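Same order as they appear, the protein sequences are chains B and R. With my numbering, letter number 574 in the first sequence gets 582, and the count goes up by one each step, no holes. With my numbering, letter number 330 in the second sequence gets 338, and the count goes up by one each step, no holes.
Possibly wrong hints are sitting among the right ones.
Because identical chains cannot be distinguished in the list, a pair is counted as satisfied if it fits within a single copy or across any two copies.
What the hints assert, rightly or not - Keeping only pairs whose Cα atoms sit at most 30 Å apart, straight-line, the calculated DSSO-like set for lysine-lysine is:
1. Lys375 with Lys318
2. Lys202 with Lys231
3. Lys235 with Lys202
4. Lys314 with Lys355
Read the hints as simulated data drawn from the structure, not as lab findings. Just so it is clear, the structure is predicted and the values come from calculations on it, not from any experiment.
2 protein chains.
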Amino acid sequence: MKTVKHRRLLLATIGIANLVWVINAQNATSNLTSPAQLSLMPIPASVQLQPGRLPITSGFTVAIKKYSDDRLRTGIARMVRRLEGRTVLTLPAEVSTDEAAATLVVQCERAGQIVPSLNENESYSLEITDKQARLGAPTVVGALRGLETFLQLLQGDHDGFFLPAIRINDQPRFPWRGLLIDVARHYEPMEVLKRNLDAMAAVKLNVFHWHLSEDQGFRVESKKFPKLTTLGSDGLFYTQDQVREIIAYAHDRGIRVMPEFDIPGHSTSWLVAYPELGSAPGPYKIERGAGIFEPALDPTREQTYKFLDKFLGEMAGLFSDEYMHIGGDENEGKQWDRNPQIQAFMKANGIKDNHDLQAYFNQRILKILQKHHKKMIGWEEILHLDLPKDAVVHSWRGPASLAEAARKGYDGILSAGFYIDLMFPASQHYLADPVPENISLTTEEAKHILGGEATMWGEWVSPETIDSRIWPRTAAIAERLWSPRNVKNVDDMYRRLAIVSRQLEELGLTHEKNYRMLLRRLAASENIGPLLTLASIVEPVKEYRRYQMRPQTMLSPLTGLVDTARPDSDTARQFNSNVDAFLTDAPRFALNRSELERTMTEWQTAGRRLGPMIDQSPALQEARPLAKDLSDIAATGLEAISYLSNGVPATSQWRDAQLATLEQAAKPKAALEFATIVSLRELVIAAAELPTLREMSPAEWKARVKAQAQPPTKQPK
Amino acid sequence: MKTVKHRRLLLATIGIANLVWVINAQNATSNLTSPAQLSLMPIPASVQLQPGRLPITSGFTVAIKKYSDDRLRTGIARMVRRLEGRTVLTLPAEVSTDEAAATLVVQCERAGQIVPSLNENESYSLEITDKQARLGAPTVVGALRGLETFLQLLQGDHDGFFLPAIRINDQPRFPWRGLLIDVARHYEPMEVLKRNLDAMAAVKLNVFHWHLSEDQGFRVESKKFPKLTTLGSDGLFYTQDQVREIIAYAHDRGIRVMPEFDIPGHSTSWLVAYPELGSAPGPYKIERGAGIFEPALDPTREQTYKFLDKFLGEMAGLFSDEYMHIGGDENEGKQWDRNPQIQAFMKANGIKDNHDLQAYFNQRILKILQKHHKKMIGWEEILHLDLPKDAVVHSWRGPASLAEAARKGYDGILSAGFYIDLMFPASQHYLADPVPENISLTTEEAKHILGGEATMWGEWVSPETIDSRIWPRTAAIAERLWSPRNVKNVDDMYRRLAIVSRQLEELGLTHEKNYRMLLRRLAASENIGPLLTLASIVEPVKEYRRYQMRPQTMLSPLTGLVDTARPDSDTARQFNSNVDAFLTDAPRFALNRSELERTMTEWQTAGRRLGPMIDQSPALQEARPLAKDLSDIAATGLEAISYLSNGVPATSQWRDAQLATLEQAAKPKAALEFATIVSLRELVIAAAELPTLREMSPAEWKARVKAQAQPPTKQPK
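Just chain B, with the same shape it has in the complex (with noise of 0.2 Å):
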């Protein structure tokens, strides 16, 4: 039997659509929401679902009650521009003083950090009845997140719009859950940080890790140090009156803006200015390839601990965040071993290794960082002994050595699982856990995992493509990091992001509006229908693979097929999804049989169509190969499809021939590659298996299509 409280721990754990299943079962009468219109994320720590409505008219208005101040108010009307775009009401602009009459009542208790930090209270409860909306918290922050959630409870029906009444305690998991760009790579307009801001409130993200200098360029104003960006930075960096813009941008959202300077190593264009401070002679030049360079600091002069202490004095003014990050990534010394005065230094003063003089050199940065009142983080090569325990360490390899860093007491965060650049899909980010359950820690150890970050390196990203290549996955991940660790229901997770994605839009996010724009540029044509339906099945390569395969420099154009195909195709999953279904509905094959017809029909109409529209377009030249697969393996799907639903089994040769057309369609082309590819094997083999389907249970039977189906693991070499 279960208790109330059970039923409410019950509740705080499984996916939102389950969740109102149980209540729909046990209200069967009440006037509920259907499940398929809840879409919050990330879900709340604890929700429950009411009877009843709550109308958004024009008469809509809000009371502030308790504490009220600048950040809060502005924080609502920015909701209420949102809710009047989304209803087209025009509602009041003021404030209401009638608290008995408001449609929304906020209670802030207090203003909270001014200057948002880790220990900032972001809870807050939101109780909707059929007469009034009442969120309550703590902190202006948590009404902040409040707010974002009452936004996305809104719906609407026949009889207009409305929120469902319901009741919910919310606060995160994690207090650290982040972002980072890498505005270094490439500069990003103030106006692509601010749209990224709005769109990291609107999923509860609270920490913008500006990654700021990079071998390929320095991206903000010194005036210590002027010629880091007249020299380093080709004109495009941060003013620091915009990097205050920012800043006040982000805190009027609840986000912290936490800026790495990255060093040793990556530290190209702080040499282009100051060639003085470099472990080699120079001249330098700004990088423009990718990957890993030589240069670094030279750790072993005073000159460079005046300078960084200097520049790092003066950007501690500029930011008030608490934590500073150093990078410390990447620097493999090479200039190091190659300059006798270090290996001389290192010798004088025991130092073995590189990496004990990089420990050397954090040390000494440590000490300014403390002198200037910052705590370090540093991505996780700068743990080592000597590491005092309130530095942060940031890992990268993954929760394993983020656990063992907890165990010796150092505070950390994850962006291992969350490399958004890499071009994983959503899902894969999604499972991705700071503390997954296969690792064990004490109470007091886990506490030091204190989040995450995706990490939007800047490589392969222009202002036009970076938000498609933040989101809409950053939102799952934003899920992972503020939602109870078992809400973990992939389909309902994308189910949610879709809607959650068009949201986005609202704030000015380009990444589902810039799509059909670049695919219009490429085809020089306003025409695209087949380079839509190419461009939606295949994904950018995964990995570093892109450059190996596409090789570009940091000035070459990102207007390519790669730069506008999605890293998690929605079509392509919508496909492999169906054909499952498909192949579950053995020995039949009637469900989605017309469907995936259509489908692959298309694909062929589009294969045949692109010859064409490529000769019109050089800039399409690269897709050429992939138009033509594009042909052959809707021609081999087709054909599987028409064996299974006749009942007539393939030959070995004909699955032989098909499924080496498709391993040549798995070839990646113009840095793109096939997300549909492994479906297309199941229905060959498939196909092929008819016979023994006899022999078993369609379950078992379509277990060893799969199996077989399944890419051939790599030999190695």
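Given the coordinates of chain B, assemble chain R onto it according to the supplied hints.
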């Protein structure tokens, strides 16, 4: 017999499409571009296509000969970035020093004016052979104009990207080619202005008329009178640094920035801050409505002029253009009539009416502007006996009143016919002309007509929608103001407009990419098919009917269907053209038949499917009657086509019933109207007129049908 000179004259004065045919006919064997591929807009003064083509490859380089400066180099760099964007080729970032080998040689004679002025020489020549392109210009601004032409010439085919060999000599017809953006009714963020400046440069417009103050808001920081923005702007204004940023951005593109401070009327926001300047005691509140309002500055008090002297003096220092616009329109003088002190002043000074009082005011303002070294421009209300000859008259009434002013010796510019906020199609603006053929002026008089300006009044535009109200139609106006008078082939204009519209996207313009976004938000869904069908054939009501039919305030959301629909439906124009051709095919009625049937069947389906969509999305509620109309007009059209193609005459009862249906559908709903009604009337009348087709030629018959199908002229009440 045509001499070469004659032919060049001819070439200069006919549309490019015709021109290419002429040359093609004479060079039948050479490898010339087909007319459908040239897409210059505005059409240059003189164009001669040559045999041959200049390939554009990754070896593309630019050399600069003679004069060079930052403005030229950054202009070239911007052009190269766009070329890279379209071609997906990585091109050298640096200017080449090898003139002989360079793909493009830019030869500029001198800087020209750093603050662009009315007298700037904007001419250029462009000669492209299969070896090299040479762009020559007396000034940097001329070179910038030529670079835009260069980019518009880019084409692609099976052999790659190229520019056709060509000789162009070009200069503008008018020196004043402007776009007014009203940022007072609705504030527009910096990036909106910047991308519109980019678009202006792309179509060779050269005056940004910045309408900065209104009853509804005061948008520029005054350090002398800070209350203008602290009280009069809702916090939405440009700082002086931002103004300088916009001016520099515009100057870099050869665009003048002329501010307008509209006085003595349209001044409520000034009076909110400084009620003591008003003609009635106040207090005043920022106006939220649209229309003409009473508040006006008091022209009888010295305090007013002291204020304006200080304020306009400050602005004269901020804005570097030689002209300052003082508005002067739509002051009905009601406050003046009711103010006994003003009445007494008029009596004492022999001022007989409000028009004369405003003339007195203008005289005083003129002296203030002269003191601050500015020339005055104002709406044509400022025209008065005492107006000195160096003031410029800005006409909203039409070319006749402009010519009248010119005959009196006043310079003038035209905006009548270019009011893009009134939602008329591009064709209508395109055929408006500052000096139409039917107005006779001496050469000397005609010189007074400096050009014109498109006016984007801001009552019903937001940052999301403004681009779609300006573009692409303003490109047609830009052509009117740049190209020779007899370039006026409307069909060819629309062909090129579609291409230019797409190219504007690369500059960040959102007129196209926000379209589906707005529909997705309205539908709260990504499945917008039926809504897209409806939206594609309706247009916002013309002139000022929107406000009457669908009253809103300046604080209302601009996210409704009327904000999404375009002022100039391409789809409707295509449908209407198909109907026209179908009727021309009498008595066979086969041409375009299946296309028309397909289209209207799609309307029918969409009309049906819209019901459930609207049920789910209350924001679409106002579209419900339009959905019904869509089904109804589709049924009407399909029946008519069936009669016609079967050769069965429709009865007069049927005709009357269908015309009644169309009349019902023709009534605007949700401030939208179908742009296909006249064509549908033609189909209905044609079906009923089938018997008369035996009595006359098909052409006569078609004319008869079309005459009957014109909507009845409205009876005066």
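Against the structure, the hints:
1. With identical chains, the CA atoms of Lys375 and Lys318 are at most 30 Å apart within one copy only, with a shortest distance of 13 Å there and 55 Å across copies.
2. Within a single copy, Lys202 and Lys231 get their C-alpha atoms as close as 24 Å, and across copies as close as 28 Å, so both meet the 30 Å cut-off.
3. Within a single copy, Lys235 and Lys202 get their C-alpha atoms as close as 27 Å, and across copies as close as 28 Å, so both meet the 30 Å cut-off.
4. For the homomeric pair Lys314 and Lys355, the shortest alpha-carbon distance inside one copy (23 Å) is at most 30 Å, but the shortest distance between copies (78 Å) is not.
Hint violations for this structure: none, all hints satisfied.
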